[in-house]
Amino acid sequence: MADDAKNDFEPKILGFLCNWCSYTGADLAGTSRLQYPSNIRIIKVMCSGRVNPQFILKAFQEGADGVLVSGCHPGDCHYIKGNYHARRKLTLLHDLMDHMGIDPGRFQLSWVSASEGHKFAEVVTKFTEQVRELGPQTKMAGGGGQ
Amino acid sequence: MTDRQGQIQDTARGWLESGEVKYVVGFEQGRRAGTKVAFVRRPEDADKLVWNSMCVNNLTLFLVEEMQTRPGRGEELDTTPIGIVVKPCDSKTIVELMKENIVARERVKIIGVTCEGVCDTKKVDGSEKQPPAVTDENIAGKCLVCTHHNPLIADVVCGEAVPETITDDYSDVAELEAMTPQERWEYWERQLERCVRCYGCREACPLCYCEECVFDREKPYRWNEKSVQLPENTFYHLVRAMHLAGRCVDCGECERVCPVDIPIRKINRYLEWKAKERYDVEAGVDPEDDSMFGTCDTADPEDFIW
Amino acid sequence: MSHTIGKDKMDALFEALSEHEVYGPVEVDGVWTYKKLDSAPDLEFGNSQVPPKSVFFPQTETMFEFKRDGARFVGAEEPQRASKPLVVFGVRPCDAKAFTLLDKLFTWDYIDPYFVDRRERATTIALTCSGQKPDENCFCTSIEGSPSGTEGVDSLWTDLGDRYFVESVTEKGEALIELGGNLFVEAVSDDESSAEEVKENAVKAITRTFDRAEVAESLRCLFESKYWEDISASCIGCGMCTLLCPTCHCFDINDVVKQGEGRRERTWDSCQFEYYSSHASGHNPRPAKRMRQRNRMYHKFLYIDNNLGVIGCVGCGRCISACPVNIDIIDVTEGAVARACMEKDADAKGEEAA
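Protein chains in written order, with our numbering: chain A, 1 to 146; chain B, 1 to 306; chain C, 1 to 354.
There is no bait here: all hints are sound.
With a straight-line cut-off of 27 Å between C-alpha atoms, the simulated BS3-like cross-links for lysine-lysine are: (1) C/Lys226 with B/Lys48; (2) B/Lys36 with C/Lys289; (3) B/Lys219 with C/Lys258; (4) B/Lys99 with A/Lys81; (5) A/Lys44 with B/Lys219; (6) B/Lys36 with C/Lys226; (7) C/Lys258 with A/Lys44; (8) B/Lys276 with A/Lys81; (9) A/Lys139 with C/Lys35; (10) C/Lys35 with B/Lys122; (11) A/Lys139 with C/Lys36; (12) C/Lys35 with B/Lys123; (13) B/Lys129 with C/Lys199; (14) C/Lys67 with A/Lys12; (15) B/Lys22 with C/Lys289; (16) A/Lys139 with C/Lys67; (17) C/Lys67 with B/Lys219; (18) C/Lys204 with B/Lys123; (19) B/Lys122 with C/Lys204; (20) C/Lys258 with A/Lys139; (21) A/Lys139 with B/Lys266; (22) C/Lys204 with B/Lys129; (23) C/Lys258 with A/Lys12; (24) B/Lys22 with C/Lys226.
If you're looking for bench data, these hints aren't it; they were derived computationally from the structure.
So that you can see chain A by itself, here it is in the shape it has in the complex (with noise of 0.2 Å):
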């Protein structure tokens, strides 16, 4: 793709972030007037263990150009465990991409707490610049409804 046609490129990013870290800690950045890319759609989940591995797939299948789950630093879930379950099946999900040649940076995961309002920013400037790199995604997009 050209240099300008990689510029004009604005992707559209779905954000699933957890309750009580993440969204509290983009909330901060908010608040503390932090800059951002605007791509990003933000869903708000009460865990990131309650991330399944198919609204990922399905975001992709709707044209969302990245996906990014964010979630409590490890040993920080408000539910125990629920981010290490999200590690075990994001990870493997990430995998399988991999595998099929669907870009797997595409997808992240991050751990941001509540008091990372700088990390969040960082993390969806890092991936958005990524994902604008990778262009459109063209390889799951185009079905779906509703």
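Given chain A's structure and the hints, the job is docking chains B and C onto it.
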């Protein structure tokens, strides 16, 4: 092989005569070389049970059906066990089903058969009259990487013990890993494009036992459109693979039944490999094991997380 | 009058058909399906796994598109239809015969514009079975078919080794010869006799027969029989026998809606799926697999016959080859006839005893 067949028949006959089981699920001779699923209910019919290289089905599917049968109104559940003939790979399915509390051990009596491999029915000439001997040319793909030639769980084992000589190094999956991501996608695109979404892989899978599959559900949300197109097909196969991650015992039924020859086992085996490598999980070995996604470890690898 | 066309002329013929949409059998990783072609067709095959009904009745088809305007959907617009004529290469005569059943069905009480439009534009070129076909599960001759049958065929081709023997069955077939011009040469009597030989050999290669004389009658008295429980016990409820059937034509209509726009599309459905007959209320009149198996047989051998005057099977054998548990449509019908006799006898004896 005939020896095994005799033992199967004798065991089934004995169980049916004593009333220990209400019926035995096994194989009977089909037209020409193929076999059919037999439900033997009377001791005198036990003679029709066969054992040969074409006994490919994983019959535990019918065990799940039995376990999920609800009694009619005013009837009581008949918990008399059923008998079932299993190959070692199928016996792994029973272990996995016990682990998931789908099968109660006391409701099944297992005739385990030691096995040196079965034929890939797609590689056997349909006009063949007799079950052919298993050769390097016609052996089923799953048998080439099989590490369990003896049943893991059984009430009666038929046949001599078979020595284990194979170590599974997942080299067939690693072959794909050697390609570039773009080549891999092109490979899978070509495969998934022709899926007709008959859901045969799901129906034939004894571990796809959900009473309402997410792909049949319409309310409150239809997860996947009915459109038979690449995005929907990909979604179906990836979600199904994730649902089987850490559970699939590689009985190979999905790939065997596929009418358009999609190499479904490759996807499942890839996850099997990763499950082993990352979490040291092997499905279908011990009913006391924890399920992979039902547990976690604080020391799990974290290599792609920010 | 008959012609022949050399196999080396196929590229030139494809060139001559540049104004046409050309369909034919395509192999991908050993699996044959019918697709739009971008080069001369390869006709060295047995039969496709997915039948050529997909050319006229695609598995997924957009019927029309619409847009949202506030709370309403507006502008239901039919998609632009192509006006190019179609040519379908390499259809086996059984599958071509199935087209005539679909013709009747799609013009029965309502004329289906999508199917009819494509059928009217199409020239069907059938290929006499030779080589890998007929195979061990073929039985077209038992149901008024033939491996060189011409029902639903515009032009019948027979493989003579280095060339095809071409017989025009309809005017569309004649038009194809005209269009091909000197690519087609007039057949000599030798060609005719070798084609005849190929056809005879094909008939001889069919090993399976079934007598359908009593099938309908037997089915009528078996509706409540336990027979269906017996034969469906091993059925796993995948829809292969129906999805891969050249005459099965059930479809499901869904609206796929995305934000401001949507499309209505239809997709093949199968009576073997549990949710096929499920009502909006949640009630399912066909909840058990014995009922679904029974429905398949009744539909093929009774209902379609009642409605359209033909039976819903052309003897291609796909359902037999594909069934993961080896349920065999011939065995099931033969079993039904035997069972009906048996149950009749039992009834008669019961009455006598009474």
